[in-house]
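J.: Chain residues, written in single-letter form:
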Amino acid sequence: MDDSTITAESKKQTIEEQGPTKGVTMVIFSGDLDKLLAAFIIANGAAAMDVSVTMFFTFWGLNVLRRDGPIQIAGKKTFVENMFGRMMPRGPNKMMLSKMNIGGLGTMFMKREMKKKNVYSLQELVKQAQEQGIKFIACTMTMDLMGIKKEELISDIDFAGVATFVDIAKSGHSTLFIS
Amino acid sequence: MAKVDLMKIKVTKVVDERAHACPGPLIETKKAIASIPVGGVLEVWASDPTATKEIPLWAKDVGHECLGVVVADNYNRIFVVRKK
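First to last, the protein sequences are chains A and B.
According to this note's numbering, numbering within the first sequence proceeds without interruption in unit steps and concludes at 294.
According to this note's numbering, numbering within the second sequence proceeds without interruption in unit steps and concludes at 106.
One should not assume that every hint holds.
Taking lysine-lysine and the DSBU-like style, the derived pairs with C-alpha atoms no more than 35 angstroms apart in a straight line are [said to hold, decoys possible]:
#1 53(B) x 230(A)
#2 53(B) x 35(B)
#3 53(B) x 192(A)
#4 226(A) x 242(A)
#5 137(A) x 232(A)
#6 75(B) x 230(A)
#7 53(B) x 231(A)
#8 230(A) x 82(B)
#9 106(B) x 137(A)
So the derived list for chain A, only partly shown, Cβ under 10 angstroms to chain B, looks like this [claimed, not checked]:
#10 165
#11 233
#12 235
Rather than coming from a laboratory, the hints here were simulated on the basis of the structure.
Each residue gets a CB set at the ideal place from its N, CA and C atoms; glycine is no exception.
So that you can see chain B by itself, here it is in the shape it has in the complex (with noise of 0.2 angstroms):
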């Protein structure tokens, strides 16, 4: 797959989960991605750092796909494409 500039992607929806420890983002990655069209982007905002390496395997899992993270201060921007 092509290089995504995810400074560039367009988010059909942004998840602040910067007050949330594990398992938090994780469950609202979840119930967020529902929310979304098939094909629409959702960008997780999480400053629990092993978020980075959960919300990945996490896409995988369950069948979507995660195009990256952006690291921000104190913070990590993960971006996934809701697959089905």
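Chain A extracted, bound-state conformation (with noise of 0.2 angstroms):
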């Protein structure tokens, strides 16, 4: 009776050890809808089967971060900035198809599809993450290039650069980049 007792006891600290190094590092790379929408659910489905899962947003994927209308940000931009402001999509909302856009008519038919047939929609899946404690990652390279500021984008993310990321996607099993 001792020994399955210990034989439990020792299974479970196994699992408990493995835990913490059962992960997945994403890199979310692109800002189309499309590309974005597999990320989200890869990454809430790992989520739910107990997988630490880190999202590392660069690029034209730090604009999932970004918050819908306009935000008073304290300083200056530069013109440059002020139009990668205005140009890039903000938020979950704005984000267009990669393939069969037709001028946003081919994501407006896409996103009606979705509904009718249950599908979550982006800014859902990115509540879901959030609420399932998915890490979210902002690059603070791209934000200094692109002049986004850590006012306009959404609250409860982390702002890093390559070697945090580097340094969780190595303790993790696998990597994905969503480019």
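Fit chain to chain and form the complex, with the hints in mind.
T.: If you want it as structure tokens, here you go:
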């Protein structure tokens, strides 16, 4: 009887030891609706299966983390930074398909179909991801390059560079790059 | 394990996920299992047909037990026991 208790104990311990190293790291480079949907579905699925997920948002992917609407920021932006800010989509609701967009018409139809067929919208998936404790990291280099300020992004996210990403990625089982 | 009569089983909580496609049922099942005690039974209603494969796989992976699936009108009832 003692033996079985010990086995059960050590088994439990092994599972607990395996816990933190089981992880997926994702680089969200793309700002396309379809690619982001796939990325967030994988991320949410992995989190539901008790896999720790970290999403690193860089370049066009950073726009997923932007708040909608004009935001008061401290300090001034340069002309180019302002243009970047105006031309890039603000948040998950503004993303377009990478194919068959047809000036937004394709995206409109896709969103309508998604609603009809009960598929989560990108906005909902982002919300679910945060609720499930998925870690979001905004690439500070991209932010600086494109003139995106912290107050323009959603709350409860981390700000970091490549070293942080590599540090997390090397402890994970797999890294996905969404381009 | 002896076969359980799913129609007579005492269910602790029911999650209605008929309004969500993949990965909705999975996410909500994961959230709901935390709200019931260990040994409790969670019943998930899903109209997404792959949920009948996905939820048992999820249960096996994270350490719970799927008792089985009962087919209802246009949806499936999936029974999971919280094991830890």
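J.: Each hint should be assessed against the structure and marked as holding or not.
T.: These are the hints, each one checked on the structure:
1. 53(B) x 230(A): holds (23 angstroms)
2. 53(B) x 35(B): Distance of about 12 angstroms is within 35 angstroms: holds.
3. 53(B) x 192(A): violated (42 angstroms)
4. 226(A) x 242(A): holds (17 angstroms)
5. 137(A) x 232(A): Status holds; Cα separation ~32 angstroms.
6. 75(B) x 230(A): Since the Cα atoms of residue 75(B) and residue 230(A) sit roughly 23 angstroms apart, the hinted pair holds (cutoff 35 angstroms).
7. 53(B) x 231(A): OK: residue 53(B) and residue 231(A) at ~25 angstroms, within 35 angstroms.
8. 230(A) x 82(B): holds (31 angstroms)
9. 106(B) x 137(A): holds (18 angstroms)
10. 165: With a closest approach of 5 angstroms, the residue 165(A) hint holds.
11. 233: holds (5 angstroms)
12. 235: It holds, given that the least Cβ distance between residue 235(A) and chain B is near 6 angstroms, below 10 angstroms.
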